[in-house]
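Protein chains: 2
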Amino acid sequence: MEKRIITISREYGAGGLPVGRMIAEKLGIPFYDKKLVEHVAEESGFAPKFIEEHGEHSPSGSVFSYAFAPQGVPGVMNGLSTSDYLWNVQCNVILQLAEKGPCVIVGRNADYILKDRKDVLNVFLHADIPSRVARVLEANPDEKNPEGRIAARDKRRRLNYQHYTGRTWGMSQNYHICLDTTTLGYEQCAEIILNAVKNSK
Amino acid sequence: MEKRIITISREYGAGGLPVGRMIAEKLGIPFYDKKLVEHVAEESGFAPKFIEEHGEHSPSGSVFSYAFAPQGVPGVMNGLSTSDYLWNVQCNVILQLAEKGPCVIVGRNADYILKDRKDVLNVFLHADIPSRVARVLEANPDEKNPEGRIAARDKRRRLNYQHYTGRTWGMSQNYHICLDTTTLGYEQCAEIILNAVKNSK
Numbered sequence: 010m011e012k013r014i015i016t017i018s019r020e021y022g023a024g025g026l027p028v029g030r031m032i033a034e035k036l037g038i039p040f041y042d043k044k045l046v047e048h049v050a051e052e053s054g055f056a057p058k059f060i061e062e063h064g065e066h067s068p069s070g071s072v073f074s075y076a077f078a079p080q081g082v083p084g085v086m087n088g089l090s091t092s093d094y095l096w097n098v099q100c101n102v103i104l105q106l107a108e109k110g111p112c113v114i115v116g117r118n119a120d121y122i123l124k125d126r127k128d129v130l131n132v133f134l135h136a137d138i139p140s141r142v143a144r145v146l147e148a149n150p151d152e153k154n155p156e157g158r159i160a161a162r163d164k165r166r167r168l169n170y171q172h173y174t175g176r177t178w179g180m181s182q183n184y185h186i187c188l189d190t191t192t193l194g195y196e197q198c199a200e201i202i203l204n205a206v207k208n209s210k
Numbered sequence: 010m011e012k013r014i015i016t017i018s019r020e021y022g023a024g025g026l027p028v029g030r031m032i033a034e035k036l037g038i039p040f041y042d043k044k045l046v047e048h049v050a051e052e053s054g055f056a057p058k059f060i061e062e063h064g065e066h067s068p069s070g071s072v073f074s075y076a077f078a079p080q081g082v083p084g085v086m087n088g089l090s091t092s093d094y095l096w097n098v099q100c101n102v103i104l105q106l107a108e109k110g111p112c113v114i115v116g117r118n119a120d121y122i123l124k125d126r127k128d129v130l131n132v133f134l135h136a137d138i139p140s141r142v143a144r145v146l147e148a149n150p151d152e153k154n155p156e157g158r159i160a161a162r163d164k165r166r167r168l169n170y171q172h173y174t175g176r177t178w179g180m181s182q183n184y185h186i187c188l189d190t191t192t193l194g195y196e197q198c199a200e201i202i203l204n205a206v207k208n209s210k
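Protein chains in written order, with our numbering: chain A, 10 to 210; chain B, 10 to 210.
Just so you know, the hints here were simulated from the structure itself, not pulled from any lab data. Model, not experiment: these values are computed from the prediction.
Note: identical chains are not told apart, hence a pair may lie in one copy or across any two.
Here are the simulated BS3-like pairs of lysine-lysine, each with C-alpha atoms no more than 30 Å apart in a straight line:
#, residue 1, residue 2
1, Lys-109, Lys-35
2, Lys-210, Lys-35
3, Lys-164, Lys-58
4, Lys-207, Lys-35
5, Lys-43, Lys-124
Construct the complete structure from the given sequences, taking the supplied hints into account.
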């Protein structure tokens, strides 16, 4: 069946953003990452900064996180924890975006959220540590501990995925295509994905 | 670095053999699967049928398996279990084959055995159950329980891989390319792998 929606899951620093952008540009379709965060924020009343930081993190259960919850909307969280409430909002936004038309969605467990649609191509990108360190330092030259940052971000994504999907993050069977961006390079990865979309028609 | 050796790990019935054969033919390089088994057999004195059945199976520890061990070669097993002895022989054969020149190797944990070489491209192929059932029935029309056969073979491969490599079978980070052959088709999978080899030059 024709694949119209591409989800890109990725290790931190493995090039999910540049590869996702290349694909969206070549196909002329919307690209959702921070934009998606804004959609979620608008829908939920959560501050964008809070969602960006917690949207893929492990559920903390910390009472402090409630301090950032939507203000002045009595009963909006329906007794859910902040993480669970945010998960529900994210699911709704991603399902709506997919319904709207072809797009590329990076992160946010979109592969799982859209698992009942047949027109979705799920991709996972990974890379070796040296090239991820290089990419983190390129984006944040002042980062003192890029290896620590990578390990922490990956751990949060892994735990969040496992908690909300019951699946193992990065297990090949969850995706149609998994690629090592260090060995293949961003452009070849984008080309493989674009061809898969083209050939699905 | 140029990739000269392609290892293909695969779920049972996911098309590892046809995809591997296509690649080897296109590149004009040797294809090792049952042939590899024969090499191992010659080297070890094990009967080929025994190796074919046990070469990727979980270590059983059964004393009965010793009944199939090489005859008349005192001390050849050096006190190892049959499984461990077979693993050592397989490692040696695969290391030697890789040293000989470019080739395609299907199965036998070759990705792990060749992990110290930089000229190896590691691939994992998976597929959904209906297409694997169809493939099993195509090869064995009399098979009464294809789903059971698939589950049993995958379990053995998974346990064998975990035991001898300490890694998780099918985890995307162990391979450069993982592909869903149901969605992509054998030919497109072969093309992706061939392009990756070509672009590594």
